[in-house]
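Undergrad: Chains as they are written, first to last, in my numbering: chain A, 1 to 195; chain B, 196 to 641; chain C, 642 to 1623; chain D, 1624 to 1715.
Worth flagging that the hints you see were computed from the coordinates, not collected in a lab. Any given hint could be a false lead.
[Said to hold, decoys possible] Which stretches of chain B does chain D cover? Using the computed rule of at least three CB atoms under 8 Å from a CB of chain D, they are:
{"hint": "1", "region": "470-482"}
{"hint": "2", "region": "526-535"}
{"hint": "3", "region": "624-637"}
Cβ coordinates follow ideal geometry from the N, Cα and C atoms, glycine included.
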Amino acid sequence: MVEIVSPLEPDYRRGAHGNREGGSGVTLSETQPGSIVQLAAWPGQDEALRKVIQTVTGLHLDAVPGAGAIVENTAAFGFAPGRWLVVDQAEGRGETLRDRIGSDLGTVCDLSHGRTAIAVEGERAERLLSKLYALDFSAGAFPVGQAKSTAHHDVFTLIHRTGVDRFDLYVYRSFARSFWHLLRASAEEFGYTVE
Amino acid sequence: MALYLRWPAGVIYTVAQSQRFIRAGTRMAEYSFLSLLRNALSGNEDWKPAWRKPDPRPSYDVIVIGGGGHGLSTAYYLAKEHGITNVAVLEKGYLGSGNIGRNTTIVRSNYLLPDNIRFYEHSMKLWENLSHDLNYNVMFSQRGVLNLAHSPAQMDEHARRGNAMRHEGGDAVLLGRGEVARMVPGLDMSATARFPVLGGLLQPRAGTARHDAVAWGYARGADRRGVDILENCEVTGFLREGERVVGVTTTRGEIRAKKVAVAVAGSTGRVMKLAGIDDLPIESHVLQAFVSESLKPLINQVVTFGGGHLYVSQSDKGGLVFGGDLDGYNTYAQRGNLPLVEEVMSELLAMFPNLARVRLLRSWGGVMDMSMDGSPIITPGPLPGMFLNCGWCYGGFKATPASGWCFAHTIARGEAHPLNAAFTLDRFARGILIDEKGQGATPKWH
Amino acid sequence: MSPRRAHNGGRIDRATRLRFTFDGTAMTGHAGDTLASALLANGISVVGRSFKYHRPRGVFSAGIEEPNALVTVIRGKLREPNIPATQIELYDGLTVESQNRFPSLSFDVGALNSLAGNLFAAGFYYKTFMGPVVGPLKGTRFWMFCEHFIRRAAGLGRAGYEPDTDRYEKMYGFCDVLVVGSGPAGLMAAKRAAATGKRVFLAEQEAEFGGTLRWKSATIDGLPAAEWVAATIAELATLPNVTLLPRTTVWGYYDDNALGALERVSDHKAHAAIGEPRHRHWTIRAGDVVLATGAFERPIVFPGNDRPGIMLASAAARYASEYGVLPGERIAIFANNDSAYEAALALKDAGAEIAAIIDVRAGVSLSARELAREAGAELLLGYAVTSTSGARRLREIEIQPFADGKVKDGATRAIVVDCLAVSGGWSPAIHLASQAGHAPQWDESLRAFLPPSPTQRWTGAGAFTGAFSAAAALGDDHAVNEPEIEYEPAPVFEIHPTGKKSGKAFVDLQHDVTASDIRLAHREGFQSVEHLKRYTTLGMATDQGKSSNVPGLAIMAAARGLPISEVGTTRFRPPFSAVSLGALAADRHGHFKPQRLTPMHDWHLARGARMYAAGLWYRPMIYGAGGETVEQAYVREARAVRASVGIVDVSTLGKIAVQGPDAAEFLDRVYTNMFSTLPVHKARYGLMLREEGIAFDDGTTWRLGEHDFLMTTTTANAGKVMQHLEYYLDCVWPDLRVHVTSVTDEWAGAAVAGPNARRVLEACVESTGVDNDALPFMGIVRGEIAGAPVMICRLSFSGELAYEVYCGAGHGQHVWDALMAAGQPFGIVPYGLEALGTLRIEKGHVTGAEIDGRTSPRDLYLDWMLSKKKPYIGSAMVDREGLVAPDRISLVGIVALDDRPLQGGGHIVEQLGEEPRGSIGHITGFCFSPALGKYIALALVKGGKARHGQRAFVSDPVRNRYGPVEIVSHHFFDPEGSRMHG
Amino acid sequence: MLIACPYCGPRDLSEFTYQGDANRTRPHPMSNDQSAWNAYVYDRVNTAGDHREFWQHSGGCRAHLAVVRSTLTHEIKSVAIARESMNREAAK
Ligand SMILES: Cc1cc2nc3c(=O)[nH]c(=O)nc-3n(C[C@H](O)[C@H](O)[C@H](O)COP(=O)(O)OP(=O)(O)OC[C@H]3O[C@@H](n4cnc5c(N)ncnc54)[C@H](O)[C@@H]3O)c2cc1C
Ligand SMILES: NC(=O)c1ccc[n+]([C@@H]2O[C@H](COP(=O)([O-])OP(=O)(O)OC[C@H]3O[C@@H](n4cnc5c(N)ncnc54)[C@H](O)[C@@H]3O)[C@@H](O)[C@H]2O)c1
Ligand SMILES: Cc1cc2nc3c(=O)[nH]c(=O)nc-3n(C[C@H](O)[C@H](O)[C@H](O)COP(=O)(O)O)c2cc1C
Ligand SMILES: [Zn+2]
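Okay, chain A solo, but in the shape it has when bound:
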């Protein structure tokens, strides 16, 4: 397999940065999943499609907007009416799903190269993201497991809350490096670590 080159190179500098007085407020990392796959159901086929996701990934998704789930190396979440994203550290998930989803159920679109996944984790994660998105990141409004589609100006982003203070962000690859600069700059006042 040919390695997928990160768009963040050469600006991906591991280590501690920014204001270190209060320790590290957030950790930023690119998670480089092998598969990022969009599934889209025809009207009335939501239920059936979520079943397929469950059989293939073992993840159960509630029938509510933005519902998501995560185990080990796999995550899945809804981000738009009739649309879900399945993310897996392993490559080739798109093919498996394509085989299971007939044209009367919906469509499969492989985005493994097209989206860059960045995890923002830590005590100040909510505050950091509040600088960028017009979203309420508090746990009450954005519970763990949930996903939201949003944008920072031109940078369209899917955000999946995968922990109490962890958010997985998916941005378009071509924007990723520019976005990374902004994310780092915004995290500077908290002190941050790139893993």
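Following the hints, put chains B, C and D with the ligands in place on chain A, whose structure we already have.
TA: For chains B, C and D with the ligands alone, coordinates are given in the frame of chain A:
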């Protein structure tokens, strides 16, 4: 700056000339340096109202609905050019409360399409003599309008436009990067700028004018020629004889007229509905504008950004006056929303990164009559006895003189002048669009 | 003497000395001082000059409403003009400059304007400066000459040209309750809301919480007010559901309870911490808003009321109580209401002598008399101040008897004072509530505008609502001990002595609008409050008339003989107080737009590519091979393509996955030509129109499966096309089973073009053949290059044998490297946009310069693509008379006959004359054609084809380029297409 | 403004794109009634009051929404996912 070198002789000449001219004038209430001096000596007690506040008469030859720039200039030119003085201008609020009183004051004729160039060039010529014509200083300052270009393709677009103007007898200069840098200090000229400046298109004769003064000057000019200006007189309906419009009902009573002209800009949809015209190629959108705190001279031209949509100039009072895009949705509310405020500031600072420490003093909105191709409508109809003037989008302030001039002609003669012959209502159906920006029937993009 | 620091009192930190400079003079103050209090403590009375008459002016208030004491704050090379000294917290090293004076604050030539006061009355400039009607200064010249000087005389502070490198930041906040203002009313509202567990934000524009309680003499629950505040804040600070936002001005109230707030994060520090912004701009979404913004004290208008040393009574008291600064040693109070009596006592307690309390009322309450007695002041009821004197600072006031709203003739009395504290009543700070547009209501007993009825979810509290006492603001839960005050002022706004010439009476201090200006406006018919404002500039200064508007309106109402309620007030607008432009741009200051980069971006840079910003994308324009001109570079690149092989990064093309059983039907509707007939593994060139029949976009669409298409769009239109497709699927044809997904970023693309293109592919592509049979023109195959899966389509933009190789974006560089290696033997050359443009112009292909939103398909000779078999978007309108008119400008080729370059935007004329006239069209794209060895161009020219073979001229006056050209077919090169089909 | 996207919940105006008047119906594709097409493409009711219009949640789920909003107060009266409400209407 050659002007200053000539100044002593010039000014002496000037004062003498103007006084001679004014003495030769006929009316008493002429404004001039001498009348100012005379009144100052007598404690300014003798000034008279700039225009009367008459009661409506039962009927007029022409009613112009809308006491904005266009309504007032229409009345003025009806009286001046066509001798029609039995005219009333009906304004629902205070005079100039509409877009004439809330625009960013840019006057230019740097258009691309010949129909527009000719019309706006005519307007420019009227502007150049307007203060004299009205005997009211509208402070038309021909400081130049500079459109920046940030890519070779944009330079070519500017060249195309500049050339189009030059082929119609207008003025346009294509500036290189160095010339722009010298002309406009503070611009981000760094090579690392997100949209580096490659040059720009300058229209030297373009500039700004004092918006309120234009309304007041036309009002005073029309009033002195006998036109009744009726403020706080909102049109609430139309009087009809069959199809024909024969007058209006207003909050100050019924008024009849041989001809009824509508020039209500952002309110076009609402007023035309009163006449039973429900559909028009017009949408009403809000455009916000902004002024900074007063500063010593900082920006000496009107500068527009090519990496977005932004224009800025500095008022004589010292405030940076600027604006950007429409908020982008239908509205009749004269106020905008926050995301656009932030968008406009980002664009301004992308162009002038020195302005981050300057502070916003006030923001406001105006309701724009956005047409489907971005160009205006000045036409007889759509009902007999009625005349319509609308579709000014962002750009009707600069059109004020020519719009009134052409509309007056259209009303007086019952048909369009060659200068506004293209600005018809049926051009959409016929596909003879005047689409300056090539954006099609999406008003928010014009 | 003058103001000075009291020996004790105030809540400044007397132990901490801070150095600062004012106009270069070194001074000191204490932590807790504002610049205004520190200047007063240093005995400075003249702080600025007024706008028009350049009159010396001192500190007038202690808050955001300050009209006079504006300064420029200087940090290194950066200047921040027009900052009220009352809003600047002192820090060590603070450097400020006074404004609007030349050459210095104490001697200002502009002050000469004052002598010609009557000449420079309101609106004088509309009546003069018009110049002659004939001669060299006719038209606008004379005015512009005068304007030059007027502009220099006007304006306040001077901003700099240095780019501001400080950091600004954005923050979105969400809460159940936003409390604006932290006086007693705000604190109580915050406490109550917090107790219910709601998420509460408490925003206070000043550095410290507490509002008026910080300097009021009242006690609350037995504690001095300021201590009660400290305790309450300490309590709120421990609550997890409460966010305290000091130094945060809520400045704008927008739809659906979205409020803009400016947090000044590090202005008060000598240095910001790492990563800390200077300002943070908040958009706060609040369930409910509590407006507890207090009230502004207003002045009384009287002759000579602008002298340094005259200030608002509450401000004088605040300087004494909060900052331990005496604004004067011998102070008089001038009032029309009781509140100033409380101020008198505070000033007395701080050590000043209260010379007199002058009250326009004939009688006052007992408690007021008691306060006056305690202050040791002579109580002069039924008097008014009618003039003042003193050069740089108040020295003496003159008073006269006053009754029935009029100055009575009779003895004047002079009182020597160095400070006059004035109170003309209070105006609730209703700005935020009014921004949404409803008209405030005049309250005749408080003589103030009260907030309008809510248009959004807010409630009011405290002085904002006209409930002016601390007890009222705190509610019943607390025992408040404060003087009893009657807040209803006498209806006196202006003291207008008749008869004698007594000097200017200022209404708007900053803009030098006088009471007689208002009467002049009235005389000239500018009587509506909005006309009054615009004609005189009343309330248009940096303070937006916070203290001056009501007196101004009252004077107009009196002139018109109407009650104030009928005259009304001018419209409130955001911002409540000035907001830095940097804060509003926030993170986009310095980073206006993100950069979009292709997977091969770093490679291009390493190969010396000169990049071109195409929308948000960066694309190579040319590759710099040591010292070449742009023309040399692109000619070399294009020549290499025609001679052997070249490679270009096409990753930026818009790519949209169109999937679903109805995908083919959908494409038939959006493209003018047919796609349902396209076989799988084939591509077709398509054209889209807008409904109006105007060309919109073009590109190839590849059929990857029965229900699976990959549409490509131009780079520039990718977003628009995507939105266009989504709109039709959602709003016009919702029944179609089609999904569209942007996959632009999924694929890296490289076009390999030239006679040797196939050989290059043959050398590196595995798992598929690329010969003519396996991969015919417009065919698609899947294979591998260097182990990475690729998709290859044989299509050509250059007219050469060419292939587009697509692979996963993360493999882009890898595949590109492999293609370069495979091309090595053929001398493969990477080419940029310029060469791409050259090749396409030689072929006569259209792009954005021709599809400019005004051209019809016929104009571009693309009518062959208009299907007659089916309707499509635009089909119904493409034949309108205006779109088929013979004189439309249509696509042609142009050859320069003088062997000189042409340029885009040059016009074409039939004849060259003295003046440029008679344009028949314009050039859309130009190049030196290596294939033809000539300068050629595409152009849109009236008549189009009919002119082929005609002689014409390029007329490019803005670039001074004229010369003969020949109009030819736009298919310059290989019109039969033998090369790409080969 | 705050638009309550039926999928995403209430979101800031900055995430949305106005997609215009929703009062028009596209003539049948085969129709050659020029005045109907002209009305569809160029004429607007431009209501002062409750206005039917489309918004796209372009910085979110990207669905088009059918919205009724007052053009006088900006108050939003109703929001539905356009595709669903269009299909519902068509079914009627
Ligand atoms: C923020 C902003 C910036 C702009 N910037 C520029 C610029 O830089 N350059 C430029 O050229 N143009 C600019 N414009 C456009 C320009 O201001 C307008 O196109 C132009 O003023 C419109 O013509 P008007 O003056 O006649 O309109 P208005 O002044 O709006 O006049 C219409 C009048 O009709 C009255 N009216 C409405 N209904 C009734 C009724 N029922 N009865 C009686 N009266 C009624 C209204 O009260 C109003 O006074 C800008 C506009 C705005 C809002
Ligand atoms: N006549 C009088 O003496 C008189 C008149 C009015 C008020 N008061 C006093 O005012 C108090 C009433 O309490 P209150 O709480 O209503 O008013 P307050 O003046 O004590 O507090 C208002 C607070 O709101 C802040 N504020 C105003 N606008 C703001 C904005 N846009 N953003 C952020 N902060 C903003 C102010 O800085 C101030 O701290 C009483 O103590 C009363 O004695 C007295
Ligand atoms: C060119 C121009 C300059 C302006 N300058 C100022 C200014 O210096 N101070 C100010 O308060 N308002 C200024 N305004 C804004 C007006 O106060 C007012 O907001 C605007 O005309 C719209 O009217 P409205 O707010 O009453 O609706 C300016 C407006 C324009 C059009
Ligand atoms: Zn949504």
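Undergrad: Does each hint hold? Answer for all of them.
TA: A quick look at each hint next to the structure:
1. 470-482: holds (count 7)
2. 526-535: holds (count 6)
3. 624-637: holds (count 3)
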